[in-house]
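J.: So this note's numbering is basically just the index in the sequence shown, starting at one, shifted up by 1128.
Calculated from the structure, these hints are not laboratory results.
Only a predicted model underlies this, so the values are computations on that prediction, with no experimental measurement involved.
Backbone N, C-alpha and C define an ideal beta-carbon position, used for all residues, glycine too.
Some hints here could point you the wrong way.
[As the list claims (entries may be wrong)] Lysine-lysine pairs mimicking DSBU-like chemistry, simulated, CA-CA at most 30 Å apart:
| id | residue 1 | residue 2 |
| --- | --- | --- |
| 1 | Lys1432 | Lys1517 |
| 2 | Lys1480 | Lys1432 |
| 3 | Lys1517 | Lys1529 |
| 4 | Lys1480 | Lys1517 |
| 5 | Lys1480 | Lys1529 |
| 6 | Lys1529 | Lys1432 |
[What the hints assert, rightly or not] Derived Cβ-Cβ restraints for the label pairs, each shown as a range:
| id | residue 1 | residue 2 | range |
| --- | --- | --- | --- |
| 7 | Leu1405 | Ser1380 | 32 to 40 Å |
| 8 | Ala1279 | Ser1325 | 13 to 21 Å |
| 9 | Arg1338 | Ala1383 | 50 to 58 Å |
| 10 | Lys1361 | His1339 | 29 to 37 Å |
| 11 | Ala1336 | Ser1380 | 51 to 59 Å |
| 12 | Pro1509 | Met1401 | 45 to 53 Å |
| 13 | Arg1414 | Ser1469 | 48 to 56 Å |
| 14 | Ala1269 | His1339 | 29 to 37 Å |
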Amino acid sequence: MRALSIAFAPACLPRTMHYPEEKSDPAFGADDFHAGVASASLDEGGSVRERLAAIAAARNPLLEAAQPLLRALADLPRSLGEEEVEVWHGLLEREVAAFQSICAAARIRHEHALAASYALCTAIDEAANSTAWGGGQAGEAGVWAGLQLAARFHGDTKGGDKFFLLIGRLATDPEQHADLLELMYQVLGLGFEGRYSTADHGSRQLEAVRHRLFELLATVRPQVPHELSPHWKGGPAGRLRLARSVPVWITSLMAAFVLSGLFGWYRYQLSAMSGDLTQRLAAIGRMRPPNPPMASAARSPRLKELLSSEIARGSVNVDENAHRSTVSFRGDEMFVPGRASLGARILPVLDKVAGEIRQVSGTVQVVGHTDNRPIRTREFPDNQVLSEKRAAAVAALLRDKGVEAARIRSIGQGDAAPLDDNATAQGRARNRRVDIVVSQDSGIDPHAQAPAPARSESPPPLHR
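Use the sequences and the hints to build the structure in full.
T.: Right, here's the structure in full:
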């Protein structure tokens, strides 16, 4: 057991302290502070004498005697196995017993040593219960619940309720109990919370206790100097002495000279670049435009003749003149309601139109229109988007049927160009359409270039 404890002992417990193997070893005439506390002996060698000498020379002997246990509280291991927990508990038990014995040997007041032992045991128990290896999970008691130091040495199982009662009693006479109050202040500083860990606004109440304890100690302890180094004295200036001796105006003049030089250099570079750019811009005006392409004998599309049956049925309307042909498809017969997908019935008609467009020259513009009834879906947040996507679907089909992509342009105008009154169902049906405009010249329909209309308030949403 001794070999294991030496290998496992943490740095917070001094290895120079020797513990007895038998509980019956004589001590320095130490008192038992509680029934059942084992008598511990301190080696009368040099390490104990040094510790007693340090306690005697300390401003607070009780705080000096408690240093090993305070370090154990501050450096509690984060992870321990089951066997290591037993070894750790044994080391702490021995140190608590040694603390009691060395307090007696140093002639520290009996009641102060007893209260200090209780405070240290309670704080270590709370810290151990909060660890993964000591505390329980899911409401179960942890392994440390059966190893409580406060219960072992002081018979207390209430989790340190007496700690704050002791502070209240000792605060009535801080001069007599300053050493013990300072030790308890150190324990609070290392994270002990006691009953305030579960109380409402416990952290605020605990901070008030700590602040009150600090104020009590400030009345009986000497003031700490505000200066970190009251006897500080600067060294010789050394190499900086020459730099500090240069007048500020000389430094400013040199900086201004350097900045002026940089400004002149950058200005020269900018002037050179701007001169080259000016020459290139002047050359643009002297460039000869390319020769216009040879006009080919164009013929007008025969869409009205080609789509005569569809025109008679009323699903298509064709308007032709010498330079332009416009085919208007009713959106209700062309698309799936509320979608941009082409219906199967309209595909043969579009095949005819695409075949005729391939035979003529000129631009092809596909324009989508809707009525003014709003639509709000994830795919179509408004009528403008719906008209654009329907026009794009028709343009994509024309490209698939062999019409050159460079000739085709698709735009959406939403409800900006109605053919009829949107107040009636028949009028709205006429307004839901797609126009295919075939122009014999290279111009673009100015009406189709108009920007999308601003969003306006309309009747409640209608999903088409």
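J.: Determine for every hint whether it applies to the structure shown.
T.: Hints and how they fare:
Between the alpha carbons of Lys1432 and Lys1517 the distance comes to roughly 26 Å, so the proposed pair stays at or under 30 Å and holds. Taken as a hint, the Lys1480 and Lys1432 pair is honoured in the structure, with Cα atoms around 11 Å apart against an allowance of 30 Å. With a C-alpha separation of about 19 Å, the suggested pair Lys1517 and Lys1529 falls inside the 30 Å cut-off, and the hint holds. With a CA separation close to 22 Å, the supplied pair Lys1480 and Lys1517 stays within the 30 Å bound.
For the given pair, Lys1480 sits about 10 Å from Lys1529 by alpha-carbon distance, which is consistent with the 30 Å threshold. As the CA atoms of Lys1529 and Lys1432 are separated by approximately 20 Å, the hinted pair is consistent with the 30 Å bound. The supplied range of 32 to 40 Å is met by Leu1405 and Ser1380, whose beta-carbon atoms lie about 37 Å from each other. Distance hint for Ala1279 and Ser1325: a CB-CB separation of about 18 Å, consistent with the stated range 13 to 21 Å.
For the pair Arg1338 and Ala1383, the beta carbons lie near 53 Å from each other, so the given range of 50 to 58 Å is met. In this structure the hint that Lys1361 and His1339 lie 29 to 37 Å apart at CB holds, the actual value being about 36 Å. Taking the beta carbon of each, Ala1336 and Ser1380 are about 56 Å apart, inside 51 to 59 Å as hinted. At about 46 Å, the beta-carbon gap between Pro1509 and Met1401 stays in the expected band of 45 to 53 Å.
Checked against the given bound of 48 to 56 Å, the beta carbons of Arg1414 and Ser1469, roughly 53 Å apart, stay inside it. In this structure the supplied range 29 to 37 Å holds for Ala1269 paired with His1339, their Cβ-Cβ distance being about 34 Å.
Checked against the numbered hints given earlier, the structure satisfies every one of them.
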